[in-house]
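Undergrad: Turn these sequences into a full structure, and let the hints steer you where they fit.
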Amino acid sequence: SELQKPLEKTDVHLVSFSVDPEKDTPEVLRGYAEKLRAEPKRWDFLTGAKSAIYDLSHKGFRLAVSDGSDEAGIPVHSTRLVLVDRHGEIRGYYEATEADAVTKLLADTSHLLREQPK
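Everything in the sequence shown is counted per our numbering, starting at 1 for the first residue and increasing by one.
Not one of these hints is a red herring.
In the BS3-like style, the derived pairs of lysine-lysine whose C-alpha atoms are separated by at most 25 Å in a straight line are: (1) 5 with 41; (2) 9 with 41; (3) 23 with 50; (4) 23 with 59.
Because the hints were derived from the structure by calculation, they are not lab data. All figures in this text were calculated on a predicted structure; none of them were measured in a lab.
TA: Structure representation (structure tokens):
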């Protein structure tokens, strides 16, 4: 991933949540992590009960997700990346489909790391 290398000397942790727990079993997520060469100590791929995932998406991250599916059968969900600080506060949203999303996220992460004591 474009995010891992620039963050390797920080304590930033990446977390990806599946919105399709029926298809995205732990084994499937492990395969996805391997494909992305995700560093296990830095990047978690999580799944769980659909109701808990949807609740976390709506109430925790304030992101859209629904039972409707796209052409590929994937639940309709947000494509936004969310920057959360060490206190659990949302500090930014980044549209993953935009070319400069990772650049903006990394810049804000760098600012946040300077701002917050460990």
